Amino acid sequence: MAPALRRRTSFGKSKRLWRLSLMSLVESALAGDRLSLTRLLTQVENDTPEGRQALAALFPHTGRAHLIGVTGAPGTGKSSLVNRLALHYRTQGKRVAVVAVDPSSPFTGGAVLGDRVRMRDLAGDPGVFIRSMASRGSLGGLAQATAGLVQVFDAVGFEVIMVETVGAGQSEVDIARLAHTTLVVEAPGLGDDIQAIKAGILEIADILAVNKADRPGVENTLKALKSALELAHPVRHVFRHHGKMETVEAPDAPVYNSWIPPIQKTVATTGEGIPELAAEIARHVEHLRQSGDWAARERSRLRSELDALLREALFARFREQVKETRYEEALERVFRRSLAPGEAVRILLDGC
Amino acid sequence: MSERKIRVLVAKPGLDGHDRGAKVVARALRDAGMEVIYTGLRQTPEMIAEAALQEDVDVVGLSILSGAHMALVPRVLELLKANGQGQVKVFVGGIIPDEDLPRLKEMGVSGVYGPGASTEDIIRQVKASVAA
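Chains as they are written, first to last, in this note's numbering: chain A, 1 to 352; chain B, 1 to 132.
Since the hints were derived computationally from the structure, they do not count as laboratory data.
These numbers come from a predicted model, not from an experiment.
Where is the CB? At the ideal position from N, CA and C, for every residue including glycine.
Be aware that a few hints might be false.
[Said to hold, decoys possible] Distance windows between CB atoms, simulated:
#1 H287(A) <-> A117(B): 52 to 58 Å
#2 Q87(B) <-> G342(A): 49 to 55 Å
#3 Q321(A) <-> P102(B): 56 to 62 Å
#4 F335(A) <-> S118(B): 37 to 43 Å
#5 S129(B) <-> P126(A): 46 to 52 Å
#6 P102(B) <-> E27(A): 41 to 47 Å
[Claimed, not checked] Okay, the calculated bits of chain B under chain A, using three or more residues with CB under 8 Å as the criterion:
#7 12-22
#8 31-39
#9 101-109
[Unchecked claim] Chain A is nowhere near these chain B residues, computed Cβ spacing over 12 Å in every case:
#10 R42
#11 Q43
#12 D58
#13 S66
#14 P74
#15 D98
#16 Y113
#17 P115
#18 G116
#19 E120
Next comes chain A alone, as it looks inside the complex (with noise of 0.2 Å):
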């Protein structure tokens, strides 16, 4: 390691020096340098000037990961679910990282990142990086700039990175946008078969692991989300009925994707379930790769960031061309109802 890195990297000092540690960094964060990996997570993290240029320069190293979204309740094990499934991915020699997050203080800011507690077999294994992440006011289920830190890990040579979202409702559903393969995490009692027909996280799912199967219910859980998926993925019935086989033939319904979710029990506290969990992710990184669906979320995923990083430029450079005066003055007038905000918009951006 260069002595230079072993120095905690202030920036402000000198641009130009800075300017060359932080190629430094990128160079032999890119040679395994978990040292300078970290300090470039950070500083991509709190988005400075530094961490995107060390995005532009790593983004030709990136796009040869698997990405892997791991979403769900609160309380229904993702973190031990991600604690296994990397043990597992280890043991086939891949480079494993996480990307954990938990969400912040609302009000003052603060969290308690606490998705390590449940990842304690992972340390000491120099094949498996993970980091927390707080939300930092992100109501999506991940914060803004977990797409920045996948990237980091996909360019220094991580082959599976694993992204934990916030213990997510039924509208987190940011994560799908982001991974290859999005994991939705069911437990048993966690609601009836009207949830699992609700639009929202159940919608994004490639693959379902109803963890906790040692519990009891287990049965209806499955129960109701095969029949919420059969609703959406209609197949062809035979049964009996009134002593006669019926056959009920399948609609011809429009077909959006010829991947069929599958269910998959697990106890991720045993290990129980975690090989064929795999194997689904397996197989499912096998059909997108057949059906030509990788580069199609590929292309999907880099237009949202796109779009999200325009969106936040254009505000910038709005922010930057518009008297703060004239902006008041417009927001005064909202709120004394002399103006409607749409009207207000207009006239704002009219203006510059």
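Got chain A sorted already, so can you dock chain B onto it with the hints?
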């Protein structure tokens, strides 16, 4: 550019299984706007140093009630340095006899807190140590 958050690793090295104090401190630091990474019980110094590296923290808080602090703390400090993280501030909480305080300070520990320490003092000193 978003505001820089203070990141703190709260860890329990050694074999005692009491983490109430660690949780109280974690919660207090959270309420002071910091991002606290909590590692859970029975961590080895190696695990703590590795977590501090992966999380790029500014501060490590060690909670020790087993009396093994004179063995565990120097080891954590040593490993942090070996990893290139000598700048990380280390605080210790738990049952620490007064006669050990000078030695701990000498090793480079930024603060030691026993039973009854106020969380406000801890927050203030953690903030000051990071700003320094």
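Do the hints match the structure? See the list:
no., hint, verdict
1, H287(A) <-> A117(B): 52 to 58 Å, "holds (57 Å)"
2, Q87(B) <-> G342(A): 49 to 55 Å, "holds (50 Å)"
3, Q321(A) <-> P102(B): 56 to 62 Å, "holds (59 Å)"
4, F335(A) <-> S118(B): 37 to 43 Å, "holds (42 Å)"
5, S129(B) <-> P126(A): 46 to 52 Å, "violated (30 Å)"
6, P102(B) <-> E27(A): 41 to 47 Å, "holds (43 Å)"
7, 12-22, "violated (count 0)"
8, 31-39, "holds (count 9)"
9, 101-109, "violated (count 0)"
10, R42, "violated (8 Å)"
11, Q43, "violated (8 Å)"
12, D58, "violated (9 Å)"
13, S66, "holds (18 Å)"
14, P74, "holds (20 Å)"
15, D98, "holds (31 Å)"
16, Y113, "holds (19 Å)"
17, P115, "holds (22 Å)"
18, G116, "holds (23 Å)"
19, E120, "holds (14 Å)"
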